[in-house]
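Using the sequences and the accompanying hints, generate a full structural model.
Residues per chain are reported as follows:
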Amino acid sequence: MDDTKQTMAIEAKGLVKVFGKDRAVDGVDLSIKKGSVYGFLGPNGAGKTTTIRMLATLLQPDEGHAQIFGHDLVSETAAIKSRISLTGQYASIDEDLTGIENLIMISRLMGYSRKQAKARANELLHAFSLADAAKKQVKNYSGGMRRRIDIAASIVVTPDLLFLDEPTTGLDPRSRNQVWDIIRALVNAGTTVLLTTQYLEEADQLADRIAVINHGKIIAEGTSSELKASVGMSTLHVSLFDQQDRDKAIEVLTQKLDDSVRPGSDPASLTAQVLDPSVVAEALGELQKENIRMTTFSLGQPSLDEVFLTLTGQPVEENAAHEEGVTR
Amino acid sequence: MTQSFETNKQGGANGQLIDAIASSERPSRPNGLSSSFTFASRALLRIKHVPEQLFDVTVFPIIFLLMFTYLFGGAIAGSTSDYLQFLLPGILVMTVSQITMYTGIDLNNDIRKGIFDRFRTLPIWLPSALVGALLVDTVRYSMASTIMIVLGLILGFRPEGGFPGVIGAVALILVFSFSLSWVWTTLGLIMRSEKSLMMVSMMVLFPITFVSNVFVEPETLPSWLEGFVDINPISLLVTAVRGFMHDAVTFEQIGWVLLASFIFTIIFAPLTMYLYRNKK
Chain A
1 MDDTKQTMAI EAKGLVKVFG KDRAVDGVDL SIKKGSVYGF LGPNGAGKTT TIRMLATLLQ
61 PDEGHAQIFG HDLVSETAAI KSRISLTGQY ASIDEDLTGI ENLIMISRLM GYSRKQAKAR
121 ANELLHAFSL ADAAKKQVKN YSGGMRRRID IAASIVVTPD LLFLDEPTTG LDPRSRNQVW
181 DIIRALVNAG TTVLLTTQYL EEADQLADRI AVINHGKIIA EGTSSELKAS VGMSTLHVSL
241 FDQQDRDKAI EVLTQKLDDS VRPGSDPASL TAQVLDPSVV AEALGELQKE NIRMTTFSLG
301 QPSLDEVFLT LTGQPVEENA AHEEGVTR
Chain B
1 MTQSFETNKQ GGANGQLIDA IASSERPSRP NGLSSSFTFA SRALLRIKHV PEQLFDVTVF
61 PIIFLLMFTY LFGGAIAGST SDYLQFLLPG ILVMTVSQIT MYTGIDLNND IRKGIFDRFR
121 TLPIWLPSAL VGALLVDTVR YSMASTIMIV LGLILGFRPE GGFPGVIGAV ALILVFSFSL
181 SWVWTTLGLI MRSEKSLMMV SMMVLFPITF VSNVFVEPET LPSWLEGFVD INPISLLVTA
241 VRGFMHDAVT FEQIGWVLLA SFIFTIIFAP LTMYLYRNKK
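Those protein sequence lines, which keep their order, are chains A and B. For the first sequence, our numbering puts the final residue at 328, and the numbers step up evenly by one. For the second sequence, our numbering puts the final residue at 280, and the numbers step up evenly by one.
Bear in mind the hints are in silico, worked out from the structure with no lab data behind them. In this text, all values refer to a predicted model and were calculated from it rather than measured experimentally. Mixed in with the good hints there might be a few duds.
Said to hold, decoys possible - Derived lysine to aspartate or glutamate pairs resembling EDC-like cross-links, with alpha carbons at most 20 Å apart:
(1) B/279 - A/63
(2) B/279 - B/194
(3) A/139 - B/106
(4) B/48 - A/96
(5) A/139 - A/172
(6) A/118 - B/25
(7) B/279 - A/62
(8) A/289 - A/247
(9) A/217 - A/62
(10) B/195 - B/110
(11) A/33 - A/62
(12) A/139 - B/19
(13) A/13 - A/62
(14) A/118 - B/160
(15) A/13 - A/29
(16) A/248 - A/290
(17) B/279 - B/106
(18) A/21 - A/11
(19) A/228 - A/247
(20) A/13 - A/26
(21) A/139 - B/25
(22) A/248 - A/286
(23) A/115 - B/19
(24) A/136 - A/123
(25) B/279 - A/76
(26) B/113 - A/95
(27) A/34 - A/11
(28) A/228 - A/276
(29) A/115 - B/25
(30) B/113 - A/63
(31) B/48 - A/95
(32) A/136 - B/52
(33) B/279 - A/22
This is how it looks when you write it as structure tokens:
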């Protein structure tokens, strides 16, 4: 291939997409290395889907330019299409057809002969643990099965670059782990993956680099540890027995931790960013001494809300109308 | 089967997964004809799984033919059997033209589901998705025509053009319907919902099929209306189909229908493909 020396899967500069008055994507720069997993982290309506749709040749950018494996996004779409695959947010398969019929159809469209298509479809159904459901209509599949058949359809011919738009949204934890295993296996085989997610944990588990997106702009970019370092290593959540005690509790914890202690959304809860988890036990001991009773406490990774709070100083804004425009 | 995934995760399933990913080859891309046939077989499979969608080409034509023959026959032609000779070619055209709009509805449904995006990111000749669907629609139109003609024969329809005349008539209807379908695919790409698409399609179809020579001779109409009826493409088709069936067709009549079909196709097929490629 002409691009063996090419080390970048995606290079984009100043991508902009405007819907009416709304700058859905507002100047996005990207450089994504071949063979890596890149995560877009952001709330609904942040511009994640629109960016992916532009990079997958489904939407033309209004400004800026991008290269996929060295091919120009606008003028060389045919060359790009033969190397990418897209698994959208909604099942990108025919729900009235059975699993095997869908995979045979896609295999035929990718150029397999009738016989090869059937063999490939069966191979994928077994690999994705869908063999028993091969002859069921996809509309009768569970959420996790649907996701798997959808990804199977995307890798009939293993793509060099796979776009996954919120691959695990709405899945139960076990199905989510199955999807993660599939993504890891693909990356091991050399596929570059660009995925979007609303969960920091998912980005952390899978992605080599993460871009945090809000209002069409990348507001932070880096490896997962860089990102976490910038928002605090972990987050302490405390629920108090009596909400009257909260002000006192904040005061006590601020002395022991730092001034990142904030009231939570529930009137009896509070959160704090913790750089050194070892001081947490001590701080909670202080609460005990002051006779402040807790119902629960936990130490975990910061949630998307907290990442946003730290990066933007504002909580996540849900913008349903915006998302509507994006998915059209 | 999700169970087996869980238990085999370390060994079997994961190994299979890795093999499946590694064993993928990159076949050369299919030609347009082959991908069109793949899309046609998709449409046939959909009929197999959702046979209700054949209602419009089976039950619909029967109801239409019976209803209009017995409703208007006595009033317009004095007897239902006389009227049937006049009405059948027209009602055949009207029914098939009306069911062409389902082509647009199917496309509109694909867009609102994710599969439209999947097709557009495949390295294939894009129009094949529509050409394949239209090929199967042609089969559906043939079914509707056959059902109506057979029922007509039972009710007393006697085409003087005989079998060749009937075949010629149906062939002309199929050509016209294929061309007209591009109008609905264009609308299917523009309209946001199935409901609004249905409404707009009806708003176009009802006037052009009723305000035509399907039910009455245009000479009985006020002159301003007659002017419209005479240039209505549906009327042109009905005239040629009547000609075929009653052995009086002229090259001019056929020529007008082909010209109308050509105009529909040359405007709406490229427009459909433009919208298909650039759909947001």
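Right, here's what the structure says about each hint:
Restraint check: the Cα-Cα separation between residue 279 of chain B and residue 63 of chain A comes to about 18 Å, which is no more than 20 Å; the hinted pair holds. Taking the CA atoms of residue 279 of chain B and residue 194 of chain B, the gap is near 16 Å; set against the 20 Å cutoff, the hint holds. Taking the CA atoms of residue 139 of chain A and residue 106 of chain B, the gap is near 17 Å; set against the 20 Å cutoff, the hint holds. Between residue 48 of chain B and residue 96 of chain A the CA atoms are separated by roughly 10 Å; this keeps the pair inside 20 Å, and the hint holds.
Proximity of residue 139 of chain A to residue 172 of chain A is assessed by CA-CA distance (about 18 Å); at most 20 Å being required, the pair is judged to hold. Proximity of residue 118 of chain A to residue 25 of chain B is assessed by CA-CA distance (about 14 Å); at most 20 Å being required, the pair is judged to hold. The straight-line distance between the Cα atoms of residue 279 of chain B and residue 62 of chain A is roughly 14 Å, inside the 20 Å bound, and the hint therefore holds. Of the supplied pair hints, the one linking residue 289 of chain A and residue 247 of chain A holds, its CA atoms being roughly 16 Å apart against a limit of 20 Å.
Taking the CA atoms of residue 217 of chain A and residue 62 of chain A, the gap is about 15 Å. The hint holds against a cut of 20 Å. Between residue 195 of chain B and residue 110 of chain B the alpha-carbon distance is near 15 Å, which keeps this suggested pair within the 20 Å criterion. For the hint pairing residue 33 of chain A with residue 62 of chain A, the CA-to-CA distance comes to about 24 Å; that exceeds 20 Å, so the pair is violated. At roughly 28 Å between alpha-carbon atoms, residue 139 of chain A and residue 19 of chain B are farther apart than 20 Å, so this suggested pair is violated.
Our distance criterion of 20 Å between C-alpha atoms is met by residue 13 of chain A and residue 62 of chain A, whose separation comes to about 12 Å. About 50 Å separates the Cα atoms of residue 118 of chain A and residue 160 of chain B, which puts this hinted pair outside 20 Å; it is violated. Note on residue 13 of chain A and residue 29 of chain A: the hinted pairing holds, with a Cα-Cα distance of about 4 Å set against a maximum of 20 Å. At roughly 9 Å between alpha-carbon atoms, residue 248 of chain A and residue 290 of chain A fall within 20 Å of each other, so this suggested pair holds.
For the hint linking residue 279 of chain B to residue 106 of chain B, the alpha-carbon distance of about 16 Å falls within 20 Å, and the restraint holds. At roughly 27 Å between alpha-carbon atoms, residue 21 of chain A and residue 11 of chain A are farther apart than 20 Å, so this suggested pair is violated. Of the supplied pair hints, the one linking residue 228 of chain A and residue 247 of chain A is violated, its CA atoms being roughly 27 Å apart against a limit of 20 Å. Between the alpha carbons of residue 13 of chain A and residue 26 of chain A the distance comes to roughly 11 Å, so the proposed pair stays at or under 20 Å and holds.
A C-alpha spacing of about 29 Å is found between residue 139 of chain A and residue 25 of chain B, which places the hinted pair above 20 Å, so the restraint is violated. With a C-alpha separation of about 11 Å, the suggested pair residue 248 of chain A and residue 286 of chain A falls inside the 20 Å cut-off, and the hint holds. Between residue 115 of chain A and residue 19 of chain B the alpha-carbon distance is near 19 Å, which keeps this suggested pair within the 20 Å criterion. A distance of roughly 17 Å separates the Cα atoms of residue 136 of chain A and residue 123 of chain A; the hinted pair therefore holds under the 20 Å criterion.
Between residue 279 of chain B and residue 76 of chain A the alpha-carbon distance is near 18 Å, which keeps this suggested pair within the 20 Å criterion. Restraint check for residue 113 of chain B and residue 95 of chain A: satisfied, since their Cα atoms lie roughly 9 Å apart, inside the 20 Å limit. For the given pair, residue 34 of chain A sits about 11 Å from residue 11 of chain A by alpha-carbon distance, which is consistent with the 20 Å threshold. Distance hint between residue 228 of chain A and residue 276 of chain A is fulfilled; the C-alpha atoms sit about 13 Å from each other, no more than 20 Å.
Straight-line distance between C-alpha atoms of residue 115 of chain A and residue 25 of chain B comes to about 14 Å, which keeps the hinted pair within the 20 Å bound. Note on residue 113 of chain B and residue 63 of chain A: the hinted pairing is violated, with a Cα-Cα distance of about 28 Å set against a maximum of 20 Å. Of the supplied pair hints, the one linking residue 48 of chain B and residue 95 of chain A holds, its CA atoms being roughly 13 Å apart against a limit of 20 Å. Between residue 136 of chain A and residue 52 of chain B the alpha-carbon distance is near 18 Å, which keeps this suggested pair within the 20 Å criterion.
A distance of roughly 18 Å separates the Cα atoms of residue 279 of chain B and residue 22 of chain A; the hinted pair therefore holds under the 20 Å criterion.
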